[in-house]
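Colleague: Start from chain H and add chain C according to the hints.
Sequence lines, in order, name chains H and C.
Residue numbering for the first sequence follows my numbering, starting at 263 and increasing by one per position.
Residue numbering for the second sequence follows my numbering, starting at 263 and increasing by one per position.
For the record, the hints were derived by calculation from the structure and aren't laboratory data.
Hints are not guaranteed to be accurate.
Identical chains blur together in the list; that is why a pair holds if it fits in one copy or across any two.
[Unchecked claim] DSS-like cross-link-like pairs, simulated, lysine-lysine; straight-line CA separation at most 27 Å:
1) K645 <-> K676
2) K606 <-> K559
3) K482 <-> K419
4) K313 <-> K406
5) K419 <-> K341
6) K341 <-> K468
7) K392 <-> K633
8) K492 <-> K299
9) K299 <-> K313
10) K482 <-> K341
11) K355 <-> K419
12) K529 <-> K559
13) K471 <-> K313
14) K508 <-> K533
15) K559 <-> K482
16) K299 <-> K406
17) K652 <-> K633
18) K492 <-> K433
19) K341 <-> K459
20) K392 <-> K482
21) K533 <-> K676
22) K529 <-> K508
23) K299 <-> K319
24) K586 <-> K613
25) K442 <-> K466
26) K459 <-> K362
27) K362 <-> K482
28) K633 <-> K586
Number of protein chains: 2
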Amino acid sequence: MQAEIITIGDEILIGQIVDTNSAWMAQELNMAGISVKQITSVSDDREHILKALDEAKLRADIILITGGLGPTNDDITKKTMCEYFNCKLRFDKAVYEDVKILFESRGYEVTPVNRAQAEVPENCIAIRNKNGTAPGMWFEENNKIFVSMPGVPYEMKGMMTEYVIPQLKKKFKLPAIIHKTILTQGISESFLADLIKEWESSLKEKNIKLAYLPSPSMVKLRLSVSGNDKEKLNAEVDRKIEELKKIISPYIYGYETYGEESETIEKIIGKLLTERNQTLSIAESCTGGYISHLVTKVPGCSIYFEGSFVSYSYGIKEAELNVKLETLQQFGAVSKEVVEQMAKGVRERFKTDYSVAASGIAGPSGGTPEKPVGTIWIAVASKNKIIAEKFQFGNNRERNIHRSAITALNMLRKEILNIKS
Amino acid sequence: MQAEIITIGDEILIGQIVDTNSAWMAQELNMAGISVKQITSVSDDREHILKALDEAKLRADIILITGGLGPTNDDITKKTMCEYFNCKLRFDKAVYEDVKILFESRGYEVTPVNRAQAEVPENCIAIRNKNGTAPGMWFEENNKIFVSMPGVPYEMKGMMTEYVIPQLKKKFKLPAIIHKTILTQGISESFLADLIKEWESSLKEKNIKLAYLPSPSMVKLRLSVSGNDKEKLNAEVDRKIEELKKIISPYIYGYETYGEESETIEKIIGKLLTERNQTLSIAESCTGGYISHLVTKVPGCSIYFEGSFVSYSYGIKEAELNVKLETLQQFGAVSKEVVEQMAKGVRERFKTDYSVAASGIAGPSGGTPEKPVGTIWIAVASKNKIIAEKFQFGNNRERNIHRSAITALNMLRKEILNIKS
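Chain H extracted, bound-state conformation (with noise of 0.2 Å):
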């Protein structure tokens, strides 16, 4: 079953909006078992509107149409789909009584622009909108099914999770999709390819599909499959998941289930800590407070996160780090022996079972022939036990910064784990 997504309205166009609905349907329907086919934006203009229905029809069963349907003059979409279905427009008590509520409980009255709007075209089945007082609008024309929708993100969400997916799950046998993504960090996307060539060519047999998803600090593995028996499936996936597990293991961090919150090295840290009862300090010299807000952003993380130091000077290494000038001196301050007593200083200032630091160039400026910018040097501490090690990441500040930081949080996750890589 394929579908397709039209979004109407000049302002996706000019880029002042970013079109968030289209993959929050995506996922609704992939979920329900129905691929997304194509998704297309196009202008508050009629001609364009119904030459994209016509085409999107060629391709796909179910066509989901939102925006357009406000109560002003620029709001085409209702007599656009009169002109599509060649029909006139009827009244729906159903909805006006619907409006006339909403417009009381809030204390108006209702006006004839918005008493437009129970006017629907004829061949549809008004879809009612408890967040707000435009109707949406099924159709069904030789096989396919045409909704059209509201673009007001939570008007539109409350449509498709109580009628739309309903009626499509009723209406058609659906197929089970499966989707996993496994997480990694500290391999770029060439070394995974080449590491897992061969695993990869054993998906096809399997019809199993993958996708490489990277980012500056990680790539992502996406497994999908579709079929009938839905258990079988997930078993194959899995199995296909246990298999990668042997060969690139130290570099997995978690794992990605359709539908349910992605996991974050800086969950995972919080869930162990917090199962352990153990607690975290990190000083922080390059990346500057950012994976002190990267382990903050986690709710709940007052449990077992004390506090931070962000020491930009020598002073202040010195001085509240307990790093020795005489160190700072002959190794300077992006060393593996600075940044193992930057790790060992905050542990112990702040009593925690585990600390780690960061020192490095982050650039644009400051590097040297030796310790070019991207020079990083990481260090997690535990109570009997200093690991450092030195990365060379790029010459962008930012993502030099975000690197670092996934980078660190991934060994003390490991470090917790007593993973080797």
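Modeller: Same frame as chain H, but now just chain C:
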């Protein structure tokens, strides 16, 4: 001049990522005087891509394509472009050198997979990629321009601003378009709209368009006008901005001129402190390092930024920031008294000219009837003065952290400049 955007990638169609590239590209094109007719998202599927290119060509003069250019097997844009233009791949030496330099700088050797990224269709001009390994491709055929770029946002953005937009401007006689944006903080969109109603209606006679671009922590006002005489347009817009300043001056912190780097509060603070040879320290509680992160995002911040404390526990506030236990017990950590002592404590400890402190309830839990989630106290201290202010934000943890940080930095900016709100 009409353009279309085609984004390629199953991750968009299954709703795993929101397509933010299109909105950004649409904005850039509009600002250059090119309107966008349609945005289409299609799957990683040869036939589907070919069809989308054919359809787009009928509607637009310029077709911009993103996605599907990675080094892996699921990225099929390059070979599909070859098929579309009926040509072979050639090896591009300059692109290969870029890839090699990027790999060497990170201490890696170029793998065969990456070497293949330097192969581009014979009939295209390769667009070099400063931020990654996949080159862009510029095709011209029958007076239509096709540009294929990576889907990774910062790689695409680099190519757009450095190559694509300048080339399009060179190639076509586009109207002069002036965009200037006024950056405001500390006032909501609706209050702003009320304040500037009259000024807003005076824009019409000059054909200047106004757009409100609100985000959780600030509102941007963008003035746009197009015509032939660039200097005259510029002068007219500047005159309107002067008028606006008389109405909302305390809320304006900076400006954005199209094609120039945007001002941010943290950059302005950096400039002011550098000029005045003054220094800054920070004490953070609810903002968890985010204020420090914003300050240290600015290159060269080590000149004026000494360091920060992130204190999540009473003990650390007391021991490190000289906050008295009785103050904590009497007023609670989220109070005028504590935030003032935090600011005073960190300023004295780090011996800086200014300090900023924030303490609040970021949420989602931890609120009380007296201090609900979103209650934030912010203080700014200088040699002879401490000011503190209370803010009531919303329920969303991440947005509260963000708004608190921006608000704190704007309080500091006003204090340095001695601006009364």
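Colleague: Each hint needs a verdict: does it hold in this structure or not?
Modeller: Hints, one by one, checked against the model:
1. Taking the closest pair of Cα atoms, K645 and K676 come within 27 Å of each other only inside a single copy of the chain (15 Å); across copies the shortest separation is 45 Å, beyond that limit.
2. For a Cα distance limit of 27 Å, the shortest separation of K606 from K559 qualifies both inside one copy, at 24 Å, and across copies, at 26 Å.
3. For a Cα distance limit of 27 Å, the shortest separation of K482 from K419 qualifies both inside one copy, at 21 Å, and across copies, at 22 Å.
4. For a Cα distance limit of 27 Å, the shortest separation of K313 from K406 qualifies both inside one copy, at 16 Å, and across copies, at 21 Å.
5. In the homo-oligomer, the alpha carbons of K419 and K341 lie at most 27 Å apart inside one protomer (23 Å), although the nearest pairing across protomers, at 38 Å, exceeds that limit.
6. When the C-alpha separation of K341 and K468 is checked against a cutoff of 27 Å, the pair qualifies only between copies, where the shortest distance is 25 Å, while the shortest distance within a copy is 47 Å.
7. For the identical chains of this complex, K392 and K633 are inter-copy neighbours only, at 21 Å across copies versus 49 Å inside a copy, given an alpha-carbon limit of 27 Å.
8. In this assembly of identical chains, K492 and K299 lie within 27 Å of each other by CA distance solely inside one copy; the values are 22 Å within and 41 Å between copies.
9. For a Cα distance limit of 27 Å, the shortest separation of K299 from K313 qualifies both inside one copy, at 17 Å, and across copies, at 13 Å.
10. In the homo-oligomer, the alpha carbons of K482 and K341 lie at most 27 Å apart only across protomers (24 Å), although the nearest pairing inside one protomer, at 42 Å, exceeds that limit.
11. Proximity of K355 and K419 under a CA criterion of 27 Å is satisfied intra-copy only: 23 Å inside one chain copy versus 50 Å between copies.
12. Proximity of K529 and K559 under a CA criterion of 27 Å is satisfied in both settings, with 9 Å inside one chain copy and 24 Å between copies.
13. For a Cα distance limit of 27 Å, the shortest separation of K471 from K313 across copies, 22 Å, qualifies, whereas the shortest one inside one copy, 32 Å, does not.
14. With identical chains, the CA atoms of K508 and K533 are at most 27 Å apart within one copy only, with a shortest distance of 24 Å there and 52 Å across copies.
15. Taking CA atoms no more than 27 Å apart as the test, K559 paired with K482 passes in both settings, with 21 Å inside one copy and 26 Å between copies.
16. In the homo-oligomer, the alpha carbons of K299 and K406 lie at most 27 Å apart both inside one protomer (15 Å) and across protomers (26 Å), since each shortest distance falls under that limit.
17. Taking CA atoms no more than 27 Å apart as the test, K652 paired with K633 passes inside one copy only; the shortest distance there is 11 Å, against 45 Å between copies.
18. In this homomeric assembly, K492 and K433 come within 27 Å of each other (Cα to Cα) only inside a single copy, at 18 Å, whereas the closest approach across copies is 54 Å.
19. Within a single copy, K341 and K459 get their C-alpha atoms only as close as 53 Å, which misses the 27 Å cut-off; across copies the closest is 20 Å, which meets it.
20. Proximity of K392 to K482 under the C-alpha cut-off of 27 Å is restricted to the inter-copy arrangement: shortest distance 23 Å between copies versus 30 Å within a copy.
21. Proximity of K533 to K676 under the C-alpha cut-off of 27 Å is restricted to the intra-copy arrangement: shortest distance 14 Å within a copy versus 40 Å between copies.
22. In the homo-oligomer, the alpha carbons of K529 and K508 lie at most 27 Å apart inside one protomer (24 Å), although the nearest pairing across protomers, at 47 Å, exceeds that limit.
23. Taking identical chains as interchangeable, the C-alpha atoms of K299 and K319 lie at most 27 Å apart whether they share a chain (11 Å) or sit on different chains (20 Å).
24. Taking the shortest alpha-carbon separations for K586 and K613, both the intra-copy value of 20 Å and the inter-copy value of 20 Å come in at or below 27 Å.
25. Proximity of K442 to K466 under the C-alpha cut-off of 27 Å is restricted to the intra-copy arrangement: shortest distance 16 Å within a copy versus 53 Å between copies.
26. Taking the shortest alpha-carbon separations for K459 and K362, only the inter-copy value of 22 Å comes in at or below 27 Å, while the best intra-copy value is 56 Å.
27. Taking identical chains as interchangeable, the C-alpha atoms of K362 and K482 lie at most 27 Å apart only when they sit on different chains, with a minimum of 25 Å there against 41 Å within one chain.
28. Taking identical chains as interchangeable, the C-alpha atoms of K633 and K586 lie at most 27 Å apart only when both belong to the same chain, with a minimum of 21 Å there against 43 Å between chains.
Violation of the numbered hints given earlier is absent; every hint is satisfied by the structure.
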